[in-house]
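Chemist: All residue numbers for the sequence shown refer to this note's numbering, where the first residue is 2 and numbers rise by one.
In case anyone wonders, no lab produced these hints; they're calculated from the structure.
Be careful, since some hints might not be right.
Stated by the list, open to error - Below, in silico cross-link-like pairs of lysine-lysine (DSS-like), each with a Cα-Cα straight-line distance of 27 Å or less:
1. K295 to K680
2. K295 to K319
3. K785 to K275
4. K770 to K720
5. K275 to K1096
6. K785 to K680
7. K5 to K253
8. K885 to K902
9. K482 to K756
10. K139 to K118
11. K1101 to K169
12. K295 to K720
13. K149 to K756
14. K572 to K720
15. K319 to K253
16. K720 to K483
17. K158 to K319
18. K904 to K139
19. K454 to K712
20. K483 to K770
21. K158 to K275
22. K756 to K197
23. K283 to K295
24. K785 to K712
25. K756 to K158
26. K149 to K785
27. K197 to K171
28. K118 to K210
29. K770 to K275
30. K158 to K885
31. K319 to K84
32. K770 to K712
33. K197 to K149
34. K885 to K283
35. K275 to K5
36. K366 to K283
Stated by the list, open to error - Pairwise CB distance ranges, derived in the manner of DEER restraints:
37. S356 to T528: 30 to 40 Å
38. E324 to I9: 43 to 53 Å
39. T101 to E22: 56 to 66 Å
40. L1074 to Q786: 35 to 45 Å
C-beta atoms are modelled at their ideal positions from N, C-alpha and C, and glycine is treated no differently.
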Amino acid sequence: MWLKPEEILLKNAFKLWVTEEDNEYFVLQRRRGYGEGGGGLTGLLVGTLDTVLDSTSKVAPYRILHHTPDSQVYWSIACGVTKEEIVQHWEWLQQNIMRTLSVFDSSEDITSFVQGKIRGLIAEEGKSSLVLEEDPEKFREALLRFEKWFELPPEEKLVTYYSCSYWKGKVPCQGWLYLSTNFLCFYSYLLGSEVKLVISWDEIWRLEKTSNVLLTESIHVLAHGEDHYFSMLLHLNETFVIMEQLADYSIKRLFDKEAFQREPALADPLQITKRGLEAHAKSEQFRAFFRLPKEENLLEVHESFLWVPFSHFNTLGKICLSENYLCFASQDGSQCHIIIPMREVVNVEKPDSSSRALTVCVRGKRALRFSEVRDYQRLANTIRSRCGISASPQHSASSEAIRGECQSLINHFEDNPEDVTLMVGQKGSSKAVSTEALMTVFHPQDVENLDPKMLKEKMKEQSWNIHFSEYGRGTSMFFTKKTRDLIVRGVPEALRGELWMLLSGAVNDMATHPGYYAELVEQSLGTSTLATDEIERDLHRSLPEHPAFQSDTGISALRRVLTAYAYRNPKIGYCQAMNILTSVLLLYAKEEEAFWLLVAVCERMLPDYFNRRIIGALVDQAVFEDLIRDNLPQLVEHMTDLSFFSSVSLSWFLTLFISVLPIESAVNVVDCFFYDGIKAILQLGLAVLDYNMEALISCHDDAEAVTILNKFFDSVTNKDSPLPPTVQQAPVGNNDKASHFNVDISALVREAYEKYGHIRSEEVESSRKRNKLHVIQTLEDTTKQNVIRVVSQEVRFSASQLDELYNLFKRQHFLCCYWTMKSPTLLHHDPSLAYLEQYQLGFQQFSGLFSLLEPWAFCATKSTLSLWIFRLIDENQDGLVNFKEFCCALDTLYSGSFTNKLKFLFKLHLPPAFDLPEDGVIRKSPERGRGKVDLQAYLKQWQNEILKKEETIKDLPRINQAQFIQFSKTLYNIFHGDPEEESLYRAVAHVTSLLLRMEEVGRRLQEPSSPPESTKPASTAAAAAAAAAAEEPSTKEATTTPESSDTSGSHSSQDAGPDLSEMEWSFSFEQVLASLLNEPAIVSFFDRPVDIQTKLGHAKVAQLKLKANK
């Protein structure tokens, strides 16, 4: 593999490398320990040293270096995993490069030529590698090894695999890393030592690329509190992207279903491929950069030059093509990009073969010329087909007609600018919908007003008009550094709504959904949900000091927008802070535009912000903490706990500073947000802390720090705002002390860009992905701690045992979700429910986990017993068991007294555990997490739990003959296989006959007038039935299914004959308990301690295997 030329020093390298071949300009080297009889331990140790001392060693055991005779500097230019590969590179250099080098006069020219040639080869390899398919034979072999080594269920799909080193302590293990849909796996076998690692993606807390003294570059994985490092990867960046995508996919699917349902490309876990994940990652970046709808996918990328008319030169960049958009972004530092909706394209002129150029004509008498496009002809045809433009010569007349028609439309719109909305597809709005921005209604601009602020506003408008004339206006405008500079200075009031629509991409959403908002308003009118109740409550809290929201006009518009959005997206519905944001949007945008701006913010620009757990805001707070550590070290030294800044900054992120700044200042922040996204909010947050650094360092507690920041926000003004005092907000803390200093918002924003503008959007997105894992796992851990705290009060398990049990329970919940899309358990998982209800098991999942943890490992009728236990502990009979119910049952069976264990077994043979429902099947659980939460039901359930009294043995009903016979069978089955099986059987037989004799005596005492003969058949029949129960082979029960076992009680009753049913004899629990207490063998069996830790350890190992063997 050719490498980007990198300078290296060879002072100590010859101790670690052996020169195989060399000549005047090149050296082929092999690492010691490789090649002569395999790597072995020597190769592994040398590889470890190489990683410490030499940056190239992480690549491969063979390499080629370039040097010149009069220079001590060497350049690494190639590496190889095998000798055949490196020899192939060496021979190519001999045949193609050596002769050419003799014509150069200087060493510098030789080195420059070699470096240029190698870079060219890398570029060619990169282009061809995108087309090549993976070797199916090698992948099939890898799949067989994967299945053999890890014994996962056959449904588990292997996505890709890599050779790498796994660091176990300070020693690396060379092996193979396997990435599958649900698991990260590693296997190594060296010198008799086997290393096997299986981590499910949903267990990962942190995933990042790192480097340190030992590892020049590696991938760090944190799971279960353990750090795992993978290094020496040939394609580290590619590996990391795949791992990041799989972890994100798992998190969305299992924990954050709201986000997952918006990802149709990854809908089926059995269809995920490496190529699909890579394409998904690129499409995500593409949509985020150009602010495109979530339906758009990156289809083609072409490198080209674009003629930039305002600069009069060609800028190098990439053309990115999706289903409905043609986009271009420069790569030469000019920060120029343009977005062209296909609906705006009127023609694609015939390509120029000499310069490999094509010209795209768009509405507004504009044309874009792309040159040096490698596949220009195909690109031109693709654009034509997507725009519905014919490329045939015979249709030239019709294309001219189209062009003429478009020109007449353009002229019309120039003469009638108010009709421009029709051009972007807006249909006639509903009469109930406001068609004007509230600011134009409540504060129309006075054209004749010539005070300094209005003059400055006019100058801003003039600057933007000049910008429009040079860079274009509307959807196909060029975005450059100058655009950002104008944004930072503040957008004129009159242009704010238009620019917000353009910068956010909402203009495209509205254009492609004509009439959609009016329909939503009509459909949502009069609906009553939890969201609408919350909206009504918050309507009058939204900018209450602004005249627009002191009238019915503003309040009604706000109600319509929020209700329509809640109707459109019930997963989000309504969240606090949405009302404040929407209020500001309505001030500067028309009602329908405000709706689409809200869509853009909630679904694209601030993902996962406005849901029940505000995960997106928590993630960005973590990103903010990272940026504080990197950029404000002085503050970090003073305040080691940065969680304070997370809590105080939550409102900054949720409301884009609108809730803490006066409205006339906050809109400048919103301007920057729509241009730069969350990066603008992070930059401003850093600037605020930097501005107050000295005061924050000197404060003694959090309350003082909050006061300092509040005073600062009160002092922020917008000296250029043309709004009248009736519209502007007075500072909350406006007093003599506060009025001594004022901070202009424009200066603050400008300072934020100057000091922290180096923060790149790509870095922010990468940090978001890294921190999202940690945030969601922290929320999950909080859930676990709350559940354990509640359960620990009712069981005897230790905290560590409960922790392990919870992990097993949660994993069992997920095991049925890994390989099926519509798993009932996955559908019932709802993070908004009470902690105990978030993870629950259906019968199949419960049965699998109980079989691993039950105290009687030799029990023959596991399926039948687990079914009865499941019914007994499913208190609300919804077909689901929560963690508390599960632990209480296990606690009784593990640590309960002899009486409690026996009472538990006794209750298994009473309704509802022993009886079947009328239809003969377990009831399915109802749909959860839908509609309103029934708070009354929760309160009633809570009250019942408080008032529930301790059950005594006298409260238990008597057990009838069929139930008693089955109870006897259960005891025999539990004892089956025990070392003391024979004595236990005799003890049960003795207890059974004793109870029957007691029943016979009792019957005689109750019926003295009855002849003795009448009781004799009953006694005989009962004894015979008990004997039959004792002698019945337990193997028959072991092979029955839950369904057939369900009816075992009724079959026993029938087998006993009509004599038994006529007798109607029964036993109380006290009688059974007293009889069994007289049998030392039975008492010692149930009092035998259970090694809980061993059980938990075994279950942890066997849980996946059990699923795989089914």
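Chemist: It remains to establish, for every hint, whether it holds in the given structure.
Modeler: To see whether the hints hold, each was checked on the structure:
For the proposed pair K295 and K680, the alpha carbon gap of about 20 Å is at most 27 Å, so the pair holds. For the hint pairing K295 with K319, the CA-to-CA distance comes to about 21 Å; that is within 27 Å, so the pair holds. Proposed proximity of K785 and K275 is contradicted: the alpha carbons are some 33 Å apart, above 27 Å. For the proposed pair K770 and K720, the alpha carbon gap of about 39 Å is over 27 Å, so the pair is violated.
Under the criterion of a C-alpha separation no larger than 27 Å, the hint pairing K275 with K1096 is inconsistent with the structure, at around 38 Å. This hinted pair does not check out: K785 and K680 have alpha carbons roughly 33 Å apart, beyond 27 Å. A distance of roughly 37 Å separates the Cα atoms of K5 and K253; the hinted pair therefore is violated under the 27 Å criterion. Straight-line distance between C-alpha atoms of K885 and K902 comes to about 18 Å, which keeps the hinted pair within the 27 Å bound.
At most 27 Å may separate the alpha-carbon atoms for a hinted pair to count; K482 and K756 meet this at roughly 16 Å. The straight-line distance between the Cα atoms of K139 and K118 is roughly 31 Å, outside the 27 Å bound, and the hint therefore fails. With a C-alpha separation of about 21 Å, the suggested pair K1101 and K169 falls inside the 27 Å cut-off, and the hint holds. A distance of roughly 39 Å separates the Cα atoms of K295 and K720; the hinted pair therefore is violated under the 27 Å criterion.
Between the alpha carbons of K149 and K756 the distance comes to roughly 55 Å, so the proposed pair goes past 27 Å and is violated. A hinted pair counts as satisfied when its Cα atoms are at most 27 Å apart, and K572 with K720 does not qualify at roughly 41 Å. For a cut-off of 27 Å, the pair hint linking K319 to K253 is broken: about 31 Å separates their Cα positions. For the proposed pair K720 and K483, the alpha carbon gap of about 23 Å is at most 27 Å, so the pair holds.
Proximity of K158 to K319 is assessed by CA-CA distance (about 34 Å); at most 27 Å being required, the pair is judged violated. With a C-alpha separation of about 59 Å, the suggested pairing of K904 with K139 is violated against the 27 Å cut-off. Of the pairs offered as hints, the one joining K454 and K712 holds, with about 26 Å between alpha carbons and a cut-off of 27 Å not exceeded. Of the pairs offered as hints, the one joining K483 and K770 is violated, with about 31 Å between alpha carbons and a cut-off of 27 Å exceeded.
Between the alpha carbons of K158 and K275 the distance comes to roughly 11 Å, so the proposed pair stays at or under 27 Å and holds. Distance hint between K756 and K197 is unfulfilled; the C-alpha atoms sit about 48 Å from each other, more than 27 Å. For the suggested pair K283 and K295, the alpha carbons sit about 13 Å apart, so the restraint of at most 27 Å is met. Of the supplied pair hints, the one linking K785 and K712 is violated, its CA atoms being roughly 39 Å apart against a limit of 27 Å.
Annotation: proposed proximity of K756 to K158 is violated, straight-line Cα distance about 47 Å (limit 27 Å). A hinted pair counts as satisfied when its Cα atoms are at most 27 Å apart, and K149 with K785 does not qualify at roughly 34 Å. The suggested pairing of K197 with K171 holds, with an alpha-carbon distance near 17 Å, which does not exceed 27 Å. Of the pairs offered as hints, the one joining K118 and K210 is violated, with about 30 Å between alpha carbons and a cut-off of 27 Å exceeded.
At most 27 Å may separate the alpha-carbon atoms for a hinted pair to count; K770 and K275 meet this at roughly 19 Å. Between K158 and K885 the alpha-carbon distance is near 34 Å, which puts this suggested pair outside the 27 Å criterion. Restraint check: the Cα-Cα separation between K319 and K84 comes to about 38 Å, which exceeds 27 Å; the hinted pair is violated. About 34 Å separates the Cα atoms of K770 and K712, which puts this hinted pair outside 27 Å; it is violated.
The straight-line distance between the Cα atoms of K197 and K149 is roughly 12 Å, inside the 27 Å bound, and the hint therefore holds. Pair hint K885 plus K283 does not hold up; C-alpha atoms about 44 Å apart against a cutoff of 27 Å. Taken as a hint, the K275 and K5 pair is honoured in the structure, with Cα atoms around 25 Å apart against an allowance of 27 Å. The hinted pair formed by K366 and K283 fails the criterion: a straight-line CA distance of about 33 Å is larger than 27 Å.
S356 and T528 have their C-beta atoms about 59 Å apart, which leaves the hinted 30 to 40 Å range violated. The beta-carbon spacing between E324 and I9, approximately 47 Å, falls within the hinted interval of 43 to 53 Å. For T101 and E22, the hinted distance range of 56 to 66 Å is not satisfied, since their beta carbons lie about 19 Å from each other. Between L1074 and Q786 the Cβ separation comes to about 38 Å, which falls inside the hinted range of 35 to 45 Å.
This entry does not satisfy hints 3, 4, 5, 6, 7, 10, 12, 13, 14, 15, 17, 18, 20, 22, 24, 25, 26, 28, 30, 31, 32, 34, 36, 37 and 39, going by the numbered hints stated previously.
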